[in-house]
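> Residue numbers (UniProt numbering), protein chains in the order written: chain A, 1 to 650; chain B, 1 to 650.
A portion of the hints provided could be inaccurate.
Repeated chains share a single entry, so a pair holds when one copy, or any two copies, can fit it.
To be verified - Derived pair list, reagent style SDA-like, types lysine to any residue, alpha-carbon separation capped at 25 angstroms:
id, residue 1, residue 2
1, 63, 495
2, 63, 596
3, 594, 33
4, 647, 451
5, 505, 635
6, 25, 495
7, 647, 33
8, 25, 479
9, 505, 563
10, 56, 87
11, 594, 582
12, 589, 613
13, 589, 468
14, 43, 509
15, 647, 608
16, 162, 478
Just so you know, these hints were derived from the structure itself, not from any lab.
Treat the numbers as computed from the prediction; the structure is a model and nothing was measured.
2 protein chains.
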Amino acid sequence: MDPINNGEEETSKKEISRCSIDVHKVAPPPQRSSFEKLKSRLKETFFPDDPLRQFKGQPSKRKWILAAQYAFPILQWGPNYSLSHFKSDVVSGLTIASLAIPQGISYAKLANLPPIVGLYSSFVPPLVYAVLGSSRDVAVGPVSIASLILGSMLSQQVSPAKDPLLFLQLGFSSTFFAGLTQASLGFLRLGFIIDYLSEATLVGFMAGAAIIVSLQQLKSLLGITHFTKQMGILPVLSSVFHRTTEVYLLSLFIFGPSFLLLFPVPHDCSMKRPKLFWVSAGMPLASVILSTIIVFALKAQNHGIDVVRILYMHLSSLVSLSVSFIYLYMQEGIAVGRTFAALKSYRVDGNKEMMAIGIMNIIGSSTSCYVTTGSFSRSAVNHNAGAKTAVSNVVMSVTVMVTLLLLMPLFRFTPNVVLGAIIVTAVLGLIDLPAARRIWRIDKFDFLVMLASFFGVIFVSVQLGLAIAVGMSIFRMLLQMTRPTTMVLGNIPGTNLYTNLHHYKDAVSVPGFLILSIQAPINFANANYLKERIMRWMADYEADHITHHHQLQGIKQHSTTSLHYVILDMSCVSALDTTGVTLFKDLKKALECKGVELVLVNPIGEVIEKLERAESEAAGSIILRADLVYLTTAEAVAQLSSAINLKMMM
Amino acid sequence: MDPINNGEEETSKKEISRCSIDVHKVAPPPQRSSFEKLKSRLKETFFPDDPLRQFKGQPSKRKWILAAQYAFPILQWGPNYSLSHFKSDVVSGLTIASLAIPQGISYAKLANLPPIVGLYSSFVPPLVYAVLGSSRDVAVGPVSIASLILGSMLSQQVSPAKDPLLFLQLGFSSTFFAGLTQASLGFLRLGFIIDYLSEATLVGFMAGAAIIVSLQQLKSLLGITHFTKQMGILPVLSSVFHRTTEVYLLSLFIFGPSFLLLFPVPHDCSMKRPKLFWVSAGMPLASVILSTIIVFALKAQNHGIDVVRILYMHLSSLVSLSVSFIYLYMQEGIAVGRTFAALKSYRVDGNKEMMAIGIMNIIGSSTSCYVTTGSFSRSAVNHNAGAKTAVSNVVMSVTVMVTLLLLMPLFRFTPNVVLGAIIVTAVLGLIDLPAARRIWRIDKFDFLVMLASFFGVIFVSVQLGLAIAVGMSIFRMLLQMTRPTTMVLGNIPGTNLYTNLHHYKDAVSVPGFLILSIQAPINFANANYLKERIMRWMADYEADHITHHHQLQGIKQHSTTSLHYVILDMSCVSALDTTGVTLFKDLKKALECKGVELVLVNPIGEVIEKLERAESEAAGSIILRADLVYLTTAEAVAQLSSAINLKMMM
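Produce the entire structure from the sequences given, and follow the hints as far as they go.
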């Protein structure tokens, strides 16, 4: 007996002695019919947040009230709405209104829609949301990304310059169908599909979109009259360099100050320094008014700065929307709601919220509004301005309406260049470099995904950029399934603990045992891999022990160190399909050839069930032999190593 | 203090007293550079079976020999090939030849190719495989499924009746590109894609295909002259009922006996009753010879049974092959290899095997052979006939060649009706009802997948049927990721064991603790769900304890039973992405609001690393606080419950 072995021997001995372990049987899973299982699985899939919890055990009358409140959250906070609430709601409402007006105009421009549509969109939807929405901080209205994508997607079909009317109609019908899709997804509790936009994808996408948008603004900033409507950096740049000679001093003269005015106020500053919310709130409006006055004074519109033109509306015609668009604009809305709900720690039912926003857009589309959702920047301002309830949205909408009635004529003089500046500052805030750095440090693959969506958006197209990024993320998930982790466990001497042998230096392998932990559900995608991998672990084991004997006494000596049992820790195998069951049969056969026994530790209910059923089918090799299934690795080792010692004596 | 609580109290007390647990620190993971990680991950993905293991630590000369042997397995068994080997190889070779000839002709017919192509295909490829193949039992040649799909796919483009020559060329080029694809997939170590054909999918598909094929054979069985070449049950049936008047007595008179001769020999009988291998081997040939003689005697070909017509070959032109085809025919080849390797317990490198079969087809296509692979039925016979090495393939190929030279003229008289009977009996063996029943009993969803591919193949098309089935399987995997299992753990009184509270009846929840085990990698797809689910578990906990207090003493009493710690058992969280990291930050924040601490148990190396990095980024909430990370749940509970008791005293 060589020292090292003795060491190991002792380990296992000590264990056996130390814990005169009373072995615990692996209980058979509680009986449940396939129907019950199906029911619970469906519940987990579609109602993970259990929205009906509050209804449980309530009198039917109360149930009706609760249902009404669930449908119309206004009934929850409405009754006990106080004056103090109202005060702070008015303040915040006016604040976001001062943001909503210039942004509304700008974003409409971004979508190649007449600016007044932007204002309408900050008027009707907020009212609807105030009734249906369950978030207290979200400020709804047009948002940059959605406007951008809508514009670029529609421009591919119709030229907003040539056929503005059809373009407008397309815009409204897109809004309608986006709303319809969203509402139905919410109703069908399929909201979770938006989770497939990973953080990395969004960061990359936003940055890419921001750059494209800013470049497109060069049009108004440089006063270029003929400009490409395409997304994609190449067409944009080309038409910039093609026309830079046209730069008008006047444009710069106006752009300079307004940009300087706006730039120190990135979109999320108001999140970081709440007290300063009025800055980000006031500035855009200020610059609009300022510049309007200047232009009015200079009558600059005669000197060639093209000014806002107003169009009138019509009813909508049918058009299908690309998934990526719906995806993104849903995503923003819900994300905003979740974020602020988390801040004030109240719950927002994602699917309910989707329905609210969806209905909001359906109604909006018929009142000449284009796509709206919860705006991140304005919601932040709203939150910091101390909004208490959705009433702040109402106040905003009223303010906007007043503006529409009284001040609209004045906006004729607002130069595009200022709107351009507003857009640029708004979207530049979407470039989140710290997040990019964090992603790089935390997860290299996510960083790749981020780059993919970034360059995809910049060089190819919004849709493709997203598709690639989402595809990569899903592919990685599949790969994790196809190549699950298998860890070799070792014992920490003098304890019942078994930990990853390659992570914990003080863990030692127990002679005669190969202890593996399988870290994923076993199914058709990984059954073959697992078999090969386990075989390889066994080969490694043999190799180690033989070579190490050679070194020690030059001869093969196979008594205690040779492999007797392969223990599979099944704690993490959360599911098993038919191919997975077959794996165990094959494995068992393969091990028997080598005179090694297969031991299972702590299999979950489902796994036990399926293996049992499989056995009742195929008479022959039994996988769940009572003496080869244990609740813990420690117990298995304790029991079986004594068995080994017996064998050795004979 | 109410009794129940006392009970629980004692539990946790006992625990603390019993195990004066020496707390083990969670070790930081061993330092590895991103490059090292990438390297090991790539290895796991592409070389899970570690084919280069044998090369390790060998002298360079030896390495060359090994490399040569790896490339050409013949060099392994060639040198020590004995006479006794040869004897048994000859026997088995002749046996499978007697199968290969009739099946070759029949399957070629199945692919709408001239029968001699079938014979060629049992002549050249076996020779190639004998040199390159690593399996000792596989008998290569045309197989029913591949022939069927090839035929149906090509018929959609060219009519074999109208333009037989072009059809032939398409056949060869398809073979060439199938071979090329397979060889390159093998070379790129991407063989694992065939694992995505789950057992359920295959069972369903095979059955569907078998039915279609058998129906198509009604043509020759009923002597129908004009027959649809389409797959799909409806066109087939229609043309059957349309022509049944044409049934010739003579056809039945021949079909009857030959079918009876063949039927008692289903394709896998030779697997079940090895001794009878000669039956399944001899019968087809027997019936061919018999019927040929009969027809020759009766000169029946004048009486209207259309007999085999022979065509001549040309070089191939380019065509692209549908994935499903490559998929299936690869799958069969590799599956066969693996099965028999398992039986004789020698290893077959799937990717290497793919390359072998791929090259075999590339060469084959240029020598007027169509797609070949390892045939399950013939390999079974080969195995039971006692084949020792690939020499049996050589023997077969020689026998086939001799047949080609001498007996081919005779085959002119072989009536299609017999070939039809051969095909039908061959494919009917593919309908595996026991498997279907097993799948139903083990996994209902898999059964759905099976039905999907079955009906997809029968009513729609081979490609679509497969696509649907594979899609369903993958969708389920994604769903498992999106809705991972979370188990509530409870303590088994008097032990350190923590098991699923809803599975083990004797487990009790520890007051003040909510112990959850998360059973999947945490990523963008499930981060949101997990947060909501954990919140819901907490709500459940609160609900339970409050109500149960109400019942007991009517008042809320929140000392020890109220929730203090949420313990997440991270043992099974095998990966974490950036969104996952964010989850922990949010969760921590959300819990702090409720005055609950978040405790992590046994996180794996990767998780620790990523959380640490995230913290070094975001100053603020620390997730990995030393006193809130433990190696085992028992230790965590022991430590923290004393902390709770302290709090209570104050």
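> Give a verdict on every hint.
Going down the list of hints, with the structure as the test:
{"no.": "1", "hint": "63 to 495", "result": "neither (54 angstroms within a copy, 44 angstroms between copies)"}
{"no.": "2", "hint": "63 to 596", "result": "neither (61 angstroms within a copy, 31 angstroms between copies)"}
{"no.": "3", "hint": "594 to 33", "result": "neither (39 angstroms within a copy, 37 angstroms between copies)"}
{"no.": "4", "hint": "647 to 451", "result": "neither (60 angstroms within a copy, 49 angstroms between copies)"}
{"no.": "5", "hint": "505 to 635", "result": "both (22 angstroms within a copy, 20 angstroms between copies)"}
{"no.": "6", "hint": "25 to 495", "result": "both (21 angstroms within a copy, 13 angstroms between copies)"}
{"no.": "7", "hint": "647 to 33", "result": "neither (43 angstroms within a copy, 45 angstroms between copies)"}
{"no.": "8", "hint": "25 to 479", "result": "neither (35 angstroms within a copy, 32 angstroms between copies)"}
{"no.": "9", "hint": "505 to 563", "result": "within (22 angstroms within a copy, 35 angstroms between copies)"}
{"no.": "10", "hint": "56 to 87", "result": "neither (37 angstroms within a copy, 78 angstroms between copies)"}
{"no.": "11", "hint": "594 to 582", "result": "within (19 angstroms within a copy, 47 angstroms between copies)"}
{"no.": "12", "hint": "589 to 613", "result": "within (18 angstroms within a copy, 45 angstroms between copies)"}
{"no.": "13", "hint": "589 to 468", "result": "neither (43 angstroms within a copy, 33 angstroms between copies)"}
{"no.": "14", "hint": "43 to 509", "result": "between (43 angstroms within a copy, 24 angstroms between copies)"}
{"no.": "15", "hint": "647 to 608", "result": "neither (29 angstroms within a copy, 42 angstroms between copies)"}
{"no.": "16", "hint": "162 to 478", "result": "neither (47 angstroms within a copy, 45 angstroms between copies)"}
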